[in-house]
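So the protein lines, in turn, are chains A and B. Position one of the first sequence corresponds to residue 1 (my numbering), numbered consecutively onward. Position one of the second sequence corresponds to residue 121 (my numbering), numbered consecutively onward.
Hints were generated in silico from the structure; no laboratory data involved. For glycine and all other residues, C-beta sits at the position ideal for the given N, C-alpha and C. Fair warning: there could be bad hints in the mix.
[Said to hold, decoys possible] Partner residues aside, some chain B positions facing chain A, computed with beta carbon under 7 Å:
#1 Glu157
#2 Ile158
#3 Asn226
#4 Met227
#5 Val235
#6 Ser237
#7 Asp274
#8 Gly275
[As the list claims (entries may be wrong)] Under the rule of at most 25 Å between Cα atoms (straight-line distance), these lysine to any residue pairs were calculated in the SDA-like manner:
#9 Lys126/B - Lys15/A
#10 Lys15/A - Leu156/B
#11 Lys115/A - Lys126/B
#12 Lys68/A - Pro78/A
[To be verified] Residues of chain A clear of chain B, computed beta-carbon distances all greater than 12 Å:
#13 Asp29
#14 Ile31
#15 Gly47
#16 Glu114
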Amino acid sequence: MSNVLIVDDSSTMRKIITRSLRQAGLAVDNILEAGDGIEGLNALGSGSVDLILSDINMPNMDGLEFVKQARAQGCTAPIMMITTEGGEDIIGEALNSGANGSIRKPFTPDQLQEKLGGLL
Amino acid sequence: MSLNAKVMECAHVQENEMTRYIVDAASEVFATMVGLEIEDCYPLVEPVTQFHCSVTGMVGMAGSYTGMLSIHCPALLAMKVTSNMLGMEVDEVGDDVNDALGEIANMLGGHVKQVLSKGGLDLNLSIPTVISGETYTIRSIIDDDCVVIPFQCDGDRFLVGLTLRKEN
């Protein structure tokens with residue numbers, strides 16, 4: 001069983017990511033959704049997650065703070081940032097906070113497969 | 121009407137190059153996320169401030185530069201775009217359309233941010249704002265420092281605008 005948590009304030013983007021994961025043929029059994037970092041932390045507290053895909057620019061708690069707090073709470077699942085924020089410094093900050101990598105929006109299912117294939 | 125010369129000088133980019141970045145970004149977003157082909161037209165010479173039966177998604181930029189990236193889409197096309205993004209029929213302008221247009225603005229804003237700020241920490245993008253209605257007006261005090269690019273899509277036309285100023 002692979003549980004994936006998608007943290008993104010856009011419901012449209014959460015649906016596109018979900019569809020793209022299926023189209024990419026990745027081994028995903030269950031998808032959890034959260035609309036910001038706070039909801040993401042709550043979701044982590046309610047069950048096991050094998051992979052986290054998180055946006056950066058979100059209201060209430062952004063993706064960088066979410067990654068920091070998730071790691072501080074002991075979350076060891078791989079965290080990939082899926083974001084329009086492609087700058088080296090901001091991605092570097094995400095990696096320093098505990099993220100494992102990044103995927104730039106917009107993306108194709110093939111690009112998801114390439115980035116996530118080894119994690120699921 | 122043109123992009124602010126000081127912005128272009130500081131970003132080491134010509135206006136036609138910035139226009140090309142926006143066109144390429146919009147084409148990529150529509151091809152990969154929307155599944156529709158678009159064709160760009162020559163940038164407008166006057167800003168558009170009044171909209172009818174439309175949806176406007178906007179992302180603000182603040183930091184080394186201030187400005188706004190916006191996409192203005194007729195309601196029918198906005199519903200078509202949203203239907204394609206969600207993979208289901210959408211026949212009213214509501215939360216789904218607002219979210220989809222906001223996310224497109226967000227992705228386009230992210231591209232522009234990468235052009236203006238290679239590192240990414242000196243320029244912040246706002247959370248998207250979306251306006252829709254039968255008739256509405258959008259004005260900015262820096263309307264003259266902008267570029268507006270029309271696009272043809274599925275027999276309809278939408279606009280992408282970028283307004284920018286350099287902060288001291």
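Interface restraint verdict for Asn226/B against chain A (beta-carbon cut-off 7 Å): holds, 6 Å
Agreement of Lys115/A and Lys126/B with the hint, judged by alpha carbon distance not exceeding 25 Å: Not satisfied, since the Cα-Cα distance of roughly 39 Å exceeds 25 Å.
25 Å limit on alpha-carbon distance, applied to hinted pair Lys15/A and Leu156/B: Since the Cα atoms of Lys15/A and Leu156/B sit roughly 18 Å apart, the hinted pair holds (cutoff 25 Å).
Chain A contact restraint for Val235/B - C-beta distance below 7 Å: At 11 Å from the nearest chain A Cβ, Val235/B fails the 7 Å test, so the hint is violated.
Asp29/A remote from chain B - nearest C-beta pair above 12 Å: holds, 20 Å
Restraint check, 7 Å cut-off on beta carbons, for Asp274/B near chain A: Where the cut-off is 7 Å and the nearest Cβ of chain A is about 18 Å from Asp274/B, the hint is violated.
Hint consistency between Lys126/B and Lys15/A [alpha-carbon to alpha-carbon, up to 25 Å]: The hint is violated at about 40 Å.
No chain B beta carbon within 12 Å of Glu114/A's: Label holds. Min Cβ-Cβ 14 Å, cutoff 12 Å.
Consistency of the no-contact label for Gly47/A, given chain B and a CB cut of 12 Å: With a cut-off of 12 Å, Gly47/A remains clear of chain B, as the shortest Cβ separation is near 26 Å.
Hint check, Glu157/B versus chain A [nearest Cβ-Cβ separation less than 7 Å]: violated, 14 Å
Proposed interface contact between Ile158/B and chain A, which counts if any beta carbon pair is under 7 Å: violated, 13 Å
Holds or violated: Lys68/A to Pro78/A, with C-alpha atoms at most 25 Å apart: Cα-Cα ~13 Å, so holds.
Checked against the numbered hints given earlier, the structure breaks hints 1, 2, 5, 7, 8, 9 and 11 and satisfies all the rest.
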